[in-house]
Every structure is written in structure tokens, then in C-alpha cells.
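For the record, the sequence lines run as chains F and H.
So the first sequence is numbered by my numbering: it starts at 1 and just counts up by one.
So the second sequence is numbered by my numbering: it starts at 1 and just counts up by one.
Check each hint, because a few of them may be wrong.
Capping the alpha-carbon separation at 25 angstroms, the derived lysine-lysine pairs in BS3-like fashion look like this [stated by the list, open to error]:
#, chain 1, residue 1, chain 2, residue 2
1, H, K220, F, K549
2, H, K194, H, K154
3, F, K417, F, K251
4, H, K154, F, K571
5, H, K220, H, K194
6, F, K500, F, K417
Chain F stretches covered by chain H per the calculated footprint, using a threshold of three residues with CB under 8 angstroms from any CB of chain H [what the hints assert, rightly or not]:
#, region
7, 32 to 40
8, 44 to 53
Keep in mind that the hints were calculated from the coordinates and are not lab data.
Every value quoted in this text rests on a predicted model; they were computed, and no experiment measured them.
Glycine residues also receive a C-beta, built at the ideal position from the N, C-alpha and C atoms.
The chain contents come next:
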Amino acid sequence: MSTLKASEAALPPFAVSRLSRILMTIEVVLPLVLLIVGIYHGFMQALYRAGIIQSADFLGLGYYQGLTLHGVVNAVVLTTFFGVAFGNAIMQYYLQRPLISWVHGLSTGLMVVGTLIAALPMLLGAADVLYTFYPPLKAHPAFYIGAAMLVVGSWVAFFGWLPLIIAWRKANPDQPLPLAVLGMLVTFIIWFICTIPLAIEVLFMLIPWSLGWVETINIPLARTLFWFFGHPLVYFWLLPAYVVYYVMLPKVAGGKLYSDKAARLAFLLFLIFSIPVGLHHQYTEPGFDRFWKAVHALLTFAVAIPSFMTAFTVAASLEYAGVRQGGKGLFGWIGRLPWFDADRPLFAYSIAGLLIFIYGGLTGIVNASYNINQTIHNTGFISGHFHMTVGGPVFLMILGMSLELIRQLTGKPIRLKGWNVAVPYLWILGLVVFSTAMMYGGLLGQPRRTNMGLSYLDPSSPHFRADWVPTAYLTGIGGTILTVAFVIYLAVLLSTLLGKAEAPAGQLSFPTAESLHPEATETELIARLRPWLVVAGILIVVSYWVPLKQALSTPQGAPPYNPDNPVPLVKVKN
Amino acid sequence: MLFHFNMKKSLYLCPKGGAYGTDQTRRNQNRALRRELCTVGQLSVFRAADRISHSGVAFYLLSHAEPRLKTNLPMERAEKIVLGFSVGLMGVFFVALMLAARLASIDVPPCLPPEIKPFSEGRIDTLPDGSRRIFYVARMWRFEPEIVEVPAGKPTEIFLSTADVTHGLYVSWTNTNLMAIPGAVNAYTLRIDKPGVYPVICHEYCGSAHQNMVAYIVAK
């Protein structure tokens, strides 16, 4: 029985193959380059919403076109590429096995080509449907086809890890799976399960409909399938950050992981509770029984539990680290943590994300709260909330870990180190301003995804809302701070990429914390996956059986529409 | 109580059984480790958790839960407390929401019977008691009817249908927050107590002039 995973901590650096190194560098750098477009449009939207820009477009790029690019690049392309790149690194290092070359090449190829195919219609303004692409608004078919290729590419990467994990299990029959591997495995199992309904929506409904092969599609069904995918997507974004918090952060802070077993239990709870929750995005929609909305509310509350556990475990691990470094009294440990240590930027990126996630997580519970959602659904409150989750811990972890991966893959040390540790703190300062303003505005009734500068924030418009001006302005200020933080990050990234290599390239090695408490895992339910998968399956079937049946019973379908024309693209006889 | 991590072992472990013996050594190890931690550093979270676990409700729960959880080595005690606390907290929240839905009728939109078919013309009905029933049609990019007078203090029934794409309907400063979905009819009962002009805003992106889609309810 091995209780402490000392063996993990002692893993040697893993030298990746030349091909793998090149592919992984593309997976990390390409989305960061696209992010320039994504962040630019984020900044512009803050200005439109504040009423500073009172126009339908700026420099030839429309508001809703920019909003589509902002959502797709930041929340879909960046996160998927990072999940795959980080998973590739975790699997190779912790299993000490190389990736299968052709699988790696195929997955990266599909993802890059898919992204470019989807980017073209977005840049040409032929896909102004936002990143949720709700029908019956229709995008160019290339948008759906490209998105599908991106997702399939990530599936291929996932399938490529499974033989590595099986081989490792055979070689280490009495060892529990390394915690980081378990975390990424759970992340991608959730991703695989939840992208199946998305694939059904895109392949069997949206693509034939956008090509004109079928006249109408069932809208409530398409929306239900989308949110079947849309909320687990959030955990696909979040769980790689949790892997870093559990596995690496305690070590970086100079301590140990408070409880290895609790970390494993948290990941497994995510596996069962993160999928059957999608109806909480559809509380205000017709066609579903209140009972099933309440069931999804309950299950959404259940998925908050592993996050509470994470908050405790990570805080306790950090306290241990602070105490070990001489922190005295109840709060003395806080001052001992490496907040501004330029040689440990991963700490700053992690802790800033964790701090903002307290605010982001609690507002998420507000959103999930069944009838309370009536007050805030589709208002600025929602956007304020998720900028503190996917735009908070997730985004900061992607920035911080991308730099770390670039350092390991290229052997180039991080330049402008002092500026680098300032980025996450400046970012969360901007977030607090931006999100508080968005959420306060939401409580005053500001809609999300709306070019407010053209009507509500234009004093000459009959719809002008004077009570929205202060929060809308504050949103603009918050958005500006966020943009400044990102520009500093870009400077760090560029000078790092242009710098000279000082270490051998392609040496993967991650700081790995030991467990503080001796706890056994390998003989128990918690060390196994199959029972949890069965429970996840049962919960999905039970929670979605009736809602899907109700969506399927919709009497009539809808023809496609262009976003700038009220006349349908297909005439339907009623 | 919380989880049976090892079903086989938990079968013969009972609160007062002799099976404690098998875990006694590990429990002593844990205690020694705990003491060590408290001397190495004043681990306040740890001490607080320990204190809580020896008091009141938590003690009761744990003293019953512990023997079953004690398989070969349990999850750390404070973690179990956090797990139990989180379950309890979310449970209290959920019960509160359901009570509000039941007792105060603050609820989400209902599922209408299939006989109620989508409609394509807006209409205002006045009921015998003077209250209104509004049939809203949302279309790119306006609501029909655009201006409606309703009596303050009386319930107003709202039905919502869409003539084209997906829209939203949000009556400012109220809980009336609805989606207009092609193929289905949505419904809600609104009551405005304070007379005034209430903007009705489309809050779901519905195309290039989405930001102009506003109607008004005048409560008198």
C-alpha cells in the first residue's frame, strides 16, 4: 500500500519527441495569437456597451460580429486547444510515455484546420450568430463544419491518451493513477460525453439545415441539446485549472496537498454531477415541466459541492505551506506565501484566479437558483458572473500555464518576469470592476449581448436609460484595465518567444505536491472509475429523458433566418 | 452516512463493534501526525476543524459516520466536515427556493398544455375584473402590442409567442423574464404595484437591430 506518492514527486523530466514538441508549441501559441482578436473585440464591446461608441460597427467590424469572435475565440478555441495541449503534457510527463505520433498529428491538424475554416465566415461577417449559435439564426455552413472539426480533433487527442493510461496501469498495478492524470482523464470524459449531444445538434440538425437540405428544424430540441453540452463545457474549462491547484500549486507554494483523497473525490463528483444540469440555462423557456427544471436545479447545487471541497483543500494546503515557512498565528501564513515571487509566476496566476473564483462561484449559485434566476436571466448579471469564472481562474491558468509550457517546450526562460507577476493581479482588479458593474447593471435590467450604445446608452434615443449610465461606464473602465493587463502579458509572451534558449528544449517537468495526510486510495471505490461512470450515465438518462421527450413533441419547426433580415430564407407552408 | 467507500468492510464495521481494533493503530498514527502538525506550525484551519468536530452536531454526525467511513485509511477528517457542511448548505438553499416557489408562488414559467398553439397576432384582452391578458408576439425587431396599459396592483397574464427567431422578454424591475422560442408558447403572471412606465426589453440576441426591440407597459 502506497500512501504518499513520493514516487510521483521524484519523476525525472520527460523529453518529448521533436514532432510532439512542434505540435504542442502550435497548440499553445496559435490560440494565444488568435486571442489578440478575441481580446480586442472584448475591449470594443465594453466601449459599445458604455455608450462611448455609438455605432453598429467600428473599422468595418460589426458589434455582433465582434461578439461572435470574442466568444468563439476566447471561450471555445483557446480553451479547447489549451485543454488538449495541457493534457498532452500531463499524460507524457506523469505516465512517462510518449504520445502516439500519428494520433497527435491528426488531432492537432483537425483542430487547426477546423479553427481556420470556422474563422473565415466569422471574419467575413457570414456567421454573426454568437458563440451559442442559437437557431433559427443561421450561420454559413463552414462555421458549423469548422467547429465540428475542432471538437473531433480534441476527441482524437483524448483517444490517443487511453492506450498510454492502460499501459501505465499494467506496469503499475498496485498504484493509484497519478492525480494529475485522473484529473485530465475526468475532464476529457466529461468533454467526450457532453460533446455527443452537440455533435447530434450540429451534424444532424444545423449542417443539413444550413445547407438547405431540410427546411425546418426543431428549435427547443436544438436548444436542449446545446445546453446538454453547454454547461459541462464549463467544467471542461475549469478542471485543468483544478489539476494545477491540486497537483502543482501546493508544491509551488512550498507545501503539500492537504488531502489527496479529497482531491480524487472532488474530480469524481464532477464526473457524475457536471452533465445533468443543462436545464438551468432554460428555466425561463416554455415546454418543460417545472419539476424537471427543479431537478436540474438540485443537481446544479450538487455540482457546487466539489468546488466547496476544492476551496477548502487548496486553502488548507496553502496554509500548511505558509506555516511551514514560519507564518505565525491565525493569518500569519498568508504573508509567507510567494505572492510576488517573479521566479514562481504560477503561484500568482493561480492565487489570483482562486480569489476571483470566490466571487464568481458564489454568483454562479445565484444563477442556478431556480426562481431567483427570474431576476437575472439574460441580463448583464450573467456575463458579469462568467467573466469571473471562465474569464477568471480558467483564463489566468491558461495564460500562466501557457507561458510555463512555452518555457519547457522551447527552453527559453520567461522574460520581463516582474511585469509577468503583475498581470494576474491587474487582471482580477479589472475583473472586479468590470463584473461588479455588469452584475449591478444586470440587476437594473441591462440585457446581455446588446449593442447598448445604439439605443439604451444614447441620450438622443427614445429608449435612453439614464439609470444605466453609471454601471455601463464602469464596465468600460473595467474592460480597459483588463485590456491593459493583456497587453502586458503579450509583451511578456513576445519577449519570451523572441529570447534565446538557455535550457534544452522539450523537457517536460511539473512541480508535484505530495499528500500531507496518509490516506489509502487504491483499494477503494475512489480508485475506480467504472462505478462513477455508471452513476453519471444513470443521472444523465433520468434527468434528460422527459425534457428531451417534451422538446421532441414541439409541433412545428423553424426555417433559417439571416441575422439582418426578418424574412425567412426558406418559405414554409403552414 | 456520507459515503461507503468500501462496501465489504463497512458491512462488519458498526459503531460499537470490535472492528475498531483494526483501525486503532492507524487512528493513533493520525493522532500523532495531528499533534506533530500542531507543534510544527499552528495550523489554524486544522485546529478549528478539530474543535468543530468535537462539538455539537458535527460530533454526532461524525461519531456515527466515522466507523463506516473507516476503511483501511479514511479521508482526512476536516475534509469530511467540509463535505458534510457543503451538502447541508446547498440543501438549505434548495429547500428555501422550493418553499418560495410553493408558498409565495415565486416560480419559473410553467409548461403549457399542447392545445395552446403559437400565435402570430398580438392582442390585449380585458377580463371582467378589469385586469389584462396580453398576447405578445415578438418579431424582428419589435413587440406587438407595443404599448399596453395595465391596472396597478392586479395580476396581468402574459402569453408570449415568436413570429420568427428566438427572442427574450424582460419587464424592467420585475421578475417577468421569458424566452420566446419558435414552436412553443410561454406564459407568466405579472403584478405591478407601483404605477409608472415599465420598459419591456428583448434580452436575447435576435439579429442586427436587436438593441431597438423595446415595448412599454404603463401601470395605472
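Status of each hint after checking the structure:
1. H:K220 / F:K549: Not OK: K220 (chain H) and K549 (chain F) at ~43 angstroms, beyond 25 angstroms, violated.
2. H:K194 / H:K154: Holds, because 11 angstroms separates the two Cα atoms, which is no more than 25 angstroms.
3. F:K417 / F:K251: 20 angstroms, holds
4. H:K154 / F:K571: 42 angstroms, violated
5. H:K220 / H:K194: 8 angstroms, holds
6. F:K500 / F:K417: 15 angstroms, holds
7. 32 to 40: violated (count 0)
8. 44 to 53: This one is violated; 0 residues, fewer than the three required, reach chain H with a Cβ under 8 angstroms.
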